[in-house]
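Model the full structure from these sequences, guided by the hints.
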Amino acid sequence: MITGLSHVSIAVPSLEAAAKRLNEVYGLEVGAAKVNEAQGVRLAYVELSNARIELMEPSRPDSPVAKFLEKHPAGGIHHFCLNVDDVPSTAAGIVSKGAKVLGDGSPQRNVHGERIAFVHPKDFLGALVELEEKRDT
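First residue of the sequence shown? That's 31 in my numbering, and the numbers climb one at a time after it.
Simulated from the structure, these hints should not be mistaken for laboratory data.
Incorrect hints may have been included.
[As the list claims (entries may be wrong)] With a straight-line cut-off of 20 Å between C-alpha atoms, the simulated SDA-like cross-links for lysine to any residue are:
| # | residue 1 | residue 2 |
| --- | --- | --- |
| 1 | Lys97 | Pro151 |
| 2 | Lys152 | Gly133 |
| 3 | Lys127 | Ile32 |
| 4 | Lys164 | Asn66 |
| 5 | Lys164 | Glu144 |
What follows is the structure, given as structure tokens:
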């Protein structure tokens, strides 16, 4: 079941340049970068009271974010992420209704260790959607 909005993810050619711009223009603080080797990205977050802004920079040329930046060299919104209570059951539920989960359908892990999956854009009004299961803290 979908429980809320986690973040909006923006693909950028440079994390450092993006962080500088967000700080100088909007006064936003961008956290330390983390690497997700499996997805081929460096990530950094702006923590807001009700959601996060995720900045993604490719860490290798074959990553999905690198391919996105080939089409959108200046960067742009890549996806948005919804919190769900259980990734496998939520994914199975939407697949049973005709939507496509990318990859082999099994959950991946994000840099925080949480289970995630992506829904094909054609099945969510043209937007790539990440499903993210929050760990109990």
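Here's how the hints hold up against the structure:
no. : hint            : in the structure
1   : Lys97 - Pro151  : 16 Å, holds
2   : Lys152 - Gly133 : 15 Å, holds
3   : Lys127 - Ile32  : 15 Å, holds
4   : Lys164 - Asn66  : 17 Å, holds
5   : Lys164 - Glu144 : 6 Å, holds
Checked against the numbered hints listed earlier, the structure breaks none of them; every hint is satisfied.
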